[in-house]
Amino acid sequence: MSIAQAQRNVNSLDTDIANLEKKKAAKDKECADLQKKIVAAQKSASKTSSQATLKNKLRQIASWEADLAKKSKDSADIGKKIADKKKKRADSSLKLQKEERSQQKKEEKKNKALLSSYQARIDDLQRQLRATVTPLATPTCGEELEEYDVFVSHAFEDKEDFVDDLVAEMRKLDLKVWYDSDKLKWGDSMREKIDRGLSKSKYGVVVLSPNYIAEQKYWTKAELNGLFQVETINGKTILPIWHNLTKKQVVEYSPIIADRKAMTTASMTAEEIANELKDLFSLTEGTK
Numbered sequence: 001m002s003i004a005q006a007q008r009n010v011n012s013l014d015t016d017i018a019n020l021e022k023k024k025a026a027k028d029k030e031c032a033d034l035q036k037k038i039v040a041a042q043k044s045a046s047k048t049s050s051q052a053t054l055k056n057k058l059r060q061i062a063s064w065e066a067d068l069a070k071k072s073k074d075s076a077d078i079g080k081k082i083a084d085k086k087k088k089r090a091d092s093s094l095k096l097q098k099e100e101r102s103q104q105k106k107e108e109k110k111n112k113a114l115l116s117s118y119q120a121r122i123d124d125l126q127r128q129l130r131a132t133v134t135p136l137a138t139p140t141c142g143e144e145l146e147e148y149d150v151f152v153s154h155a156f157e158d159k160e161d162f163v164d165d166l167v168a169e170m171r172k173l174d175l176k177v178w179y180d181s182d183k184l185k186w187g188d189s190m191r192e193k194i195d196r197g198l199s200k201s202k203y204g205v206v207v208l209s210p211n212y213i214a215e216q217k218y219w220t221k222a223e224l225n226g227l228f229q230v231e232t233i234n235g236k237t238i239l240p241i242w243h244n245l246t247k248k249q250v251v252e253y254s255p256i257i258a259d260r261k262a263m264t265t266a267s268m269t270a271e272e273i274a275n276e277l278k279d280l281f282s283l284t285e286g287t288k
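The sequence shown begins at 1 in the numbering used here and counts up one residue at a time.
Among the hints, a few may not be true.
Cross-link-like lysine-lysine pairs, in silico, DSS-like; alpha carbons within 27 Å at most [what the hints assert, rightly or not]:
id	residue 1	residue 2
1	K109	K221
2	K47	K37
3	K248	K110
4	K37	K55
5	K86	K24
6	K247	K110
7	K37	K22
8	K57	K36
9	K106	K248
Derived from the structure by calculation, the hints contain no laboratory data.
With the sequences and hints as input, model every part of the structure.
Pasting the structure below:
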């Protein structure tokens with residue numbers, strides 16, 4: 001039985017009990033009124049001297065007493081129904097509590113599994129990063145020595161309608177941007193290049209979109225996991241941007257990143273977001 005069904009049963013029984021108690025109260029009032037009439041008639045009969053009048057009053061009293069007996073029985077029957085309904089209500093309430101506890105345990109188990117999944121992602125990425133420490137520690141050219149202000153993590157499908165413009169605006173503000181369009185060349189190892197870009201960047205701008213969070217997107221997941229790993233070492237690193245995405249979709253994809261304050265293309269242009277990033281760098285450099 002579901003929680004909703006158990007709750008409906010409890011509510012239905014509450015309604016039945018209330019209606020029965022109302023009926024019993026009406027019957028009890030009728031009984032009380034009859035009892036008053038009988039007492040009054042008995043007093044009046046004791047004072048009359050007319051035999052005809054006495055017989056009429058006794059007949060009336062007998063009729064009222066019969067009616068009183070019937071109504072008293074009706075009241076008692078309703079009382080039994082109320083008691084039965086209350087017992088069923090108690091049983092239904094226990095079932096509802098049991099279903100609620102069961103549902104709570106399921107939710108706790110689901111949340112625990114979700115957190116374990118994220119921890120597993122981070123642990124897996126940590127192993128990957130450890131495996132690439134040696135080649136990154138021995139640079140062989142000027143590019144490997146270069147450091148970046150921003151690593152842009154995005155889905156390829158979002159380049160034309162937003163990401164290219166954002167990168168252009170950031171570069172206008174003299175921010176050093178690692179962007180795969182100009183860092184990956186024919187024949188390059190994507191994993192090696194991305195790992196190097198992640199490790200050499202101060203911040204990671206993550207353009208979250210329906211394309212980014214699609215189930216089949218391996219590289220976007222790998223990049224985000226890498227940024228989470230860098231955060232465990234360097235502190236705050238991930239700067240999310242929501243692009244054509246709702247809060248619900250972000251929460252379903254990653255509750256951790258959904259908790260971060262984010263810029264959104266629904267209300268900001270690429271230029272405005274780039275300026276916000278520049279202000280962040282200015283503020284950070286000013287506190288050093």
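**Message:** Flag every earlier hint the structure violates by its number, smallest first.
**Reply:** none
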